[in-house]
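> Just need the whole structure built from these sequences, with the hints factored in.
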Amino acid sequence: MKTLADLRAVKEKAKQEMAMREQSAKYRISVAMGTCGIAAGARNVMSAILDEISKRGIQDAAVSQTGCLGCCDQEPLVQVTGADNNTITYSKVSPETARQIIADHVQAGRVVSEHVFNMG
Amino acid sequence: MHRNHVLIAMDAHTIAQGARAVRDALKRALDMTSLTDEVKVIETGSLGIYNRGVVLVIFPDNVYYVGVKVEDVAEIVSEHLIKGRVVERLHYTDVPVEKAAEMGAAPRFGKQQRVVLKNAGVIDPESLEEYIARDGYEALGKALTTMKPEDVIDIVKKSGIQGRGGAFFPTGLKWSFAAAEEAKQKYIICNADEGEPGTFKDRLILEGDPHSVIEGMALAGYAVGADMGYIYIRGEYRMSIERLNRAIQHATENGLLGENLFDSGFSFNLEVREGAGAYICGEETALIESIEGKRGEPRDKPPFPPSVGLWGMPTIVNNVETLANVPQIILKGADWYRSMGTEKSPGTKVFTMVGNINNPGLIEVPMGTTLREIIYDIGQGIPEGKGFMLAQMGGTTGGILTEKHLDLPMSVEALREIGSGLGSGALLVVDDSQDVVELVENFVEFFNHESCGKCTLCREGNGRLLELLQRINAGKGRMADLNLMEDLAVTMMKGAFCGLGQAAPVPILGCLKYFRDDFVRKIGAAEMAAAA
Ligand SMILES: Cc1cc2nc3c(=O)[nH]c(=O)nc-3n(C[C@H](O)[C@H](O)[C@H](O)COP(=O)(O)O)c2cc1C
Numbered sequence: 001m002k003t004l005a006d007l008r009a010v011k012e013k014a015k016q017e018m019a020m021r022e023q024s025a026k027y028r029i030s031v032a033m034g035t036c037g038i039a040a041g042a043r044n045v046m047s048a049i050l051d052e053i054s055k056r057g058i059q060d061a062a063v064s065q066t067g068c069l070g071c072c073d074q075e076p077l078v079q080v081t082g083a084d085n086n087t088i089t090y091s092k093v094s095p096e097t098a099r100q101i102i103a104d105h106v107q108a109g110r111v112v113s114e115h116v117f118n119m120g
Numbered sequence: 001m002h003r004n005h006v007l008i009a010m011d012a013h014t015i016a017q018g019a020r021a022v023r024d025a026l027k028r029a030l031d032m033t034s035l036t037d038e039v040k041v042i043e044t045g046s047l048g049i050y051n052r053g054v055v056l057v058i059f060p061d062n063v064y065y066v067g068v069k070v071e072d073v074a075e076i077v078s079e080h081l082i083k084g085r086v087v088e089r090l091h092y093t094d095v096p097v098e099k100a101a102e103m104g105a106a107p108r109f110g111k112q113q114r115v116v117l118k119n120a121g122v123i124d125p126e127s128l129e130e131y132i133a134r135d136g137y138e139a140l141g142k143a144l145t146t147m148k149p150e151d152v153i154d155i156v157k158k159s160g161i162q163g164r165g166g167a168f169f170p171t172g173l174k175w176s177f178a179a180a181e182e183a184k185q186k187y188i189i190c191n192a193d194e195g196e197p198g199t200f201k202d203r204l205i206l207e208g209d210p211h212s213v214i215e216g217m218a219l220a221g222y223a224v225g226a227d228m229g230y231i232y233i234r235g236e237y238r239m240s241i242e243r244l245n246r247a248i249q250h251a252t253e254n255g256l257l258g259e260n261l262f263d264s265g266f267s268f269n270l271e272v273r274e275g276a277g278a279y280i281c282g283e284e285t286a287l288i289e290s291i292e293g294k295r296g297e298p299r300d301k302p303p304f305p306p307s308v309g310l311w312g313m314p315t316i317v318n319n320v321e322t323l324a325n326v327p328q329i330i331l332k333g334a335d336w337y338r339s340m341g342t343e344k345s346p347g348t349k350v351f352t353m354v355g356n357i358n359n360p361g362l363i364e365v366p367m368g369t370t371l372r373e374i375i376y377d378i379g380q381g382i383p384e385g386k387g388f389m390l391a392q393m394g395g396t397t398g399g400i401l402t403e404k405h406l407d408l409p410m411s412v413e414a415l416r417e418i419g420s421g422l423g424s425g426a427l428l429v430v431d432d433s434q435d436v437v438e439l440v441e442n443f444v445e446f447f448n449h450e451s452c453g454k455c456t457l458c459r460e461g462n463g464r465l466l467e468l469l470q471r472i473n474a475g476k477g478r479m480a481d482l483n484l485m486e487d488l489a490v491t492m493m494k495g496a497f498c499g500l501g502q503a504a505p506v507p508i509l510g511c512l513k514y515f516r517d518d519f520v521r522k523i524g525a526a527e528m529a530a531a532a
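As you go down the protein sequences, you meet chains W and S in turn.
The first sequence runs contiguously to residue 120 in this note's numbering.
The second sequence runs contiguously to residue 532 in this note's numbering.
Mixed in with the good hints there might be a few duds.
[Unchecked claim] For lysine to any residue, the following SDA-like pairs were computed, each having C-alpha atoms within a straight-line distance of at most 20 Å:
#1 142/S / 6/W
#2 513/S / 479/S
#3 92/W / 103/W
#4 83/S / 91/W
#5 142/S / 8/W
#6 83/S / 69/W
#7 83/S / 71/W
#8 111/S / 339/S
#9 40/S / 44/W
#10 2/W / 148/S
#11 2/W / 253/S
#12 142/S / 4/W
#13 15/W / 55/W
#14 92/W / 47/W
#15 2/W / 264/S
#16 454/S / 304/S
#17 2/W / 12/W
#18 332/S / 343/S
#19 15/W / 25/W
#20 55/W / 44/W
#21 494/S / 453/S
#22 15/W / 127/S
#23 184/S / 227/S
#24 83/S / 70/W
#25 454/S / 497/S
#26 522/S / 438/S
#27 142/S / 1/W
#28 83/S / 35/W
#29 40/S / 60/W
#30 27/S / 79/S
#31 26/W / 104/W
#32 157/S / 307/S
#33 301/S / 167/S
#34 513/S / 430/S
#35 15/W / 62/S
#36 294/S / 308/S
#37 142/S / 5/W
#38 2/W / 147/S
#39 142/S / 12/W
#40 2/W / 145/S
Calculated directly from the structure, the hints in this document are not laboratory data.
All values derive from a computational prediction rather than experimental measurement.
Here it is in structure tokens:
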């Protein structure tokens, strides 16, 4: 490290990895990981979400897992909560849809309406 | 990218409770459930929760678990990390410090404010990158590329920071003395001897955030023109020593220590020196003797170390906590530092609270926080419904504070006014079921053991005091002993060679002043029994 710019480059990279501990995430993404969700493929959805976030260098998203939401036939379920505390629930999410949710909703702020599930 | 970070506190306390075994079990369980790519296990310093066994916190959920045993690991993984359900039976909600703070800001929770401890329990102390992520080495980079050494000293002076080793000497002024010396070699020494019983703040700073001290030393080196530093640390602090050595190695490999840092022409190298745990070796000149390989006995002062120190060269000796403050002062400025604490004692102070207290441990508060707030709000009061008898502020040499001092602000000036001090920051809380005279005997026993023997007043004085106290506690005391003790104590204070002998009588005189009745009662009972 010879310049402040070198130092800042290391800093930016490390910050992304640590972002989840800062609790400053704009988007909280939670994947339902009950037995039903896992059976329907939630594990692969989770992997796709994590991969897409890191590929896109998104820093203000936190990912967590939750239990069965009581809509087992709609699994895998993914919920995205924004800074306004509004939660959008997506159902029957495939890994591809999950990547789209990250790209459109989390990065660009556009809800992926064709996959939104109304929990009623 | 990981979806969860599990931070497990790895300090001497939690390791004794089995933190390493829990960590290993956790890593195995994650491996077995193929979660290693999604969940990262990070070892961190103290999380600020004491006496609760192994402590860990899961992010981003910010859920704390305490008393975690190897048997609990499978459940935490299958319930929390796979299914997202909190394991209530281990869940701890009384979190001491809000970690949910913005990058770099000082998190506040209730009356605590974390500056020195901002990274402890937040980052992996063995990761240079995590330190850098939280503004680490930015102050050094800024100083070396945009500031002159005088500017660094100037900010430190203006910040008003005073040394946290116990004497509260203005740090900027000390640095300016060494800077003014013409010498072909100067040294920076970090005093991590921490021999004061009940004090463990420096250990937890070093365990939790070793790079902050290293960066502080490099800044001190740049300010005064020193290219070599030593960290003098007690040998028992194995974990601090390991982490320091690793941190020095990482910093060196990444060009943050060594030659020509940030292409500025400034070089700085660091070595760790282990002490053998003698209390006197915390005194700066005895410490210097010890590094030189001699017997740890204090030198005559003046000359003071900033002009004649290690191997006769200008030397700055600063405490761990002092140095850990420096990078943030350089980065955020003197005004920021002065916005905390009192006019005459800016900044925060780290205390270790021990004794009869519900919530013991390491805390950091703005200077000027009252004793009542520390004991009753942060420490959550005295256990078993007992009353407060006294507090000893500053370790064994610390002054005695009583009920009437509860609303006294804990600042250098307020304590100086009542003839006391903040000392090392150890706060011993004693409830009203304890025997003061026995407590005092206990203090004196320590000094009698730790006196280096160089001067008569300390060597003989502590011995005589101990005899007198033993006699009183054995029910053979005489009223005349009280005046004799006072005489002896005052003489030692005035005449002992170094701070050890001068400060040893402080708690004795304090107890004689505020709790004389307890002594009189004990002696009175003894005299009556003898007369009968
Ligand atoms: C008997 C005795 C023991 C001391 N022990 C320590 C110690 O363990 N750690 C420490 O930092 N300072 C200790 N000091 C104070 C040091 O002499 C010195 O003042 C201090 O390291 C300077 O650093 P500062 O300006 O950052 O406070 C001790 C002093 C005396 C008289």
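> Of the hints stated earlier, which fail here?
No numbers; nothing is violated.
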